[in-house]
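On the provided structure of chain A, position chain B as indicated by the hints.
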Amino acid sequence: MGRYIAKRVLMAIVTIWLVATITFFLMFLVPGGPFLAEKSPSPATLEALNKKYGLDQPVIVQYKNYMLNLVKGEMGESIKQRGRTVSGIISDGFKVSARVGGLAILTAIVIGVPLGCIAALNRGKWLDNLIMVIATCGIAVPGFVVSTVLMLIFSVKLNLLPTYGLSSWRHYIMPVMALAFYPTAYISRLMRTSMLDVIGQDYMRTAKAKGLSQFKMLFKHALRNAILPVVTYLGPLIAYTLTGSFVIEKIFTIPGLGNEFISSITGRDYTMIMGTTIFLASLVIFMNLVVDIAYKIIDPRIKFQ
Amino acid sequence: MSNKHKPFSMHLDVSDFLPADKEEKQSLVIMRESVGFWRDGARRFKKNKIAMTSLIIIILVFIFSFILPSFYPYAYEQQIRGSENLSPFQYSEAELERMAAGESVFPHFLGTDSLGRDITARLMMGSRISLLVGLVASILVLIIGSLYGSIAGYFGGKVDMIMMRVVDIIYTVPDILIIILLMVTLKYPLQDLANNVPGFAWINTIGIGLISIFIVFSLLYWVGMARIVRGQILTLKEQEYVTAARALGASHRRIIGKHLLTNCMGPLIVTTTLQIPSAIFTESFLSFIGIGVQAPMPSLGSMAANAIGGIYSYPHRLFAPAIMISLIILSFNLLGDGLRDAFDPKLKN
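Residue numbers (the working numbering), protein chains in the order written: chain A, 1 to 305; chain B, 1001 to 1349.
Next up, chain A with everything else stripped away, as it sits in the complex (with noise of 0.2 Å):
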């Protein structure tokens, strides 16, 4: 098990050590610099500014002064946002991302995991046939669509619901339930296929035949074994909340993580953009690795390979 962690965290240095190298230089790739965007300063000012920020030096030099920072874990200042850090910047950023985030993932299982087992245990009747055509559909429907489609119910219609900023829990109901629609309809389509899988097994049987409670089986033998395949889906659903953020806090103009991201790259923030990029990148391999981790400590017949 040593052997195994240590490989797959090797492994995800590797990754995010390629992750900030393709970002460095497709970064340069891109004409026009940070400063491009302002009144067009003076040849003198900008050559000012190249040299405080340490642009002025070749690519490789300034890659390799970067790099050196990184490991020290200095991220360095926001070219764009003056007199911020990047750490500040992200660390802020994703305090709101993360409490979106967080709260939608919990609000996909807590809805996604009792749909999926109330589909199986009511197998080919109503209750499955209309959760499967709801869940189906709502894998379909992409996270602008349903946010959009929420903001027009909740907001142009009814008026109950305030349609920009978090300043209060009726802010978050809108981006949580649009940010968790798609990973709920997923979970309870894969909690339903593996508890019909569960139900099969010959040690319910066994646990029938024992003369065990309706409830003690279902919920000390079939639903520990049939939340195995959701524990997996963590990792992906975690970068899926990412990537959903992204548009979920355009739609909705919350100040996360995503906003920054994506107005780091259109505004040349040299900084910003690998700060941003490399902490997102490490989240996101990180989490899948103590997914991995997990799901092998909690399922023993697992090999580490």
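Rather than coming from a laboratory, the hints here were simulated on the basis of the structure. It is possible that part of the hints are untrue.
[Claimed, not checked] PhoX-like cross-link-like pairs, simulated, lysine-lysine; straight-line CA separation at most 20 Å:
#1 Lys1237(B) with Lys1158(B)
#2 Lys220(A) with Lys210(A)
#3 Lys52(A) with Lys80(A)
#4 Lys1049(B) with Lys125(A)
#5 Lys1158(B) with Lys7(A)
These figures come from a predicted structure and were not determined experimentally.
Just chain B now, kept in the frame of chain A:
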């Protein structure tokens, strides 16, 4: 002849040894007509009502987006002066005058947008872009993934190990981050190539946005396909016919192309079909956040994004692309599921 009633008699009945007539022969044939892989799958597929319905919907969407625009009187980029912001089936004053003069004016089924462009025409073009992206991206993924996967699986050993490590790493890279970066980065070199290098002017006709989407997809999305193909090849290459082919002196290329890949057609088709909706999904996402297909070319994603500003007054502008994209993705998903059940039952779950 009287030994019929004596069961233990050693005498043989001559009539038992007469040649069988046609009817008797026919009654012994219990085999049905032999059915090949394709016909068997097609038979199963035709029985699947959901999959057949989605196939019909997909064909209708194809007709709507590829054939109908040539008969439609409005072009997607055509701005009709004085007809801005019309509701569905509403006519502008100029058009009403023309109608009063006895001319027939084609109705705007879904109205027009703020620049006076017919939304139905834009919807057709947007669906065409989505379908193109889905199909071309999946075919690129199919080609790259199946070649890579079959080479890794066929040669095995060190080659396999190194090739699959590369796949593992690309697999863990958060794709959307790199896609967004690449989309922004690729724009300029492609523009340069199209405008300055002779022979590359076609890039402008297809559109830089679309080309970069294709490049990005073929760079990142082939890894799933490569894994599936490799898994198939690993088992297939142990089969006798591969040994036979090798004994006959067939080249590696011929064995992979002629024997191995043709034998994992089922999973290949199913995975490719299921790749289409996910490519369409990603394209609409990119266009929605404003870095996909470039204006004036419409995309379902960018149409929805443009409609958000006017959500209070013109909700139908949002619904049209939203329903269209959901319908396309849903149909392809269901078609893929149906194909999987028909051609590759093992792949289920």
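Going straight from one Cα to the other, do Lys52(A) and Lys80(A) come out at no more than 20 Å? holds, 13 Å
Below or equal to 20 Å on CA atoms is what counts here, so check Lys1237(B) against Lys1158(B). Roughly 17 Å separates the two Cα atoms, so the pair holds.
Given the proposed pairing of Lys1158(B) with Lys7(A), does the C-alpha separation stay at or below 20 Å? Holds, at roughly 18 Å.
Regarding the pair Lys220(A) and Lys210(A), is the alpha-carbon distance no greater than 20 Å? Answer holds: Lys220(A) to Lys210(A) is near 14 Å, not above 20 Å.
Agreement of Lys1049(B) and Lys125(A) with the hint, judged by alpha carbon distance not exceeding 20 Å: holds, 19 Å
In this structure, none of the earlier numbered hints is contradicted; all agree with it.
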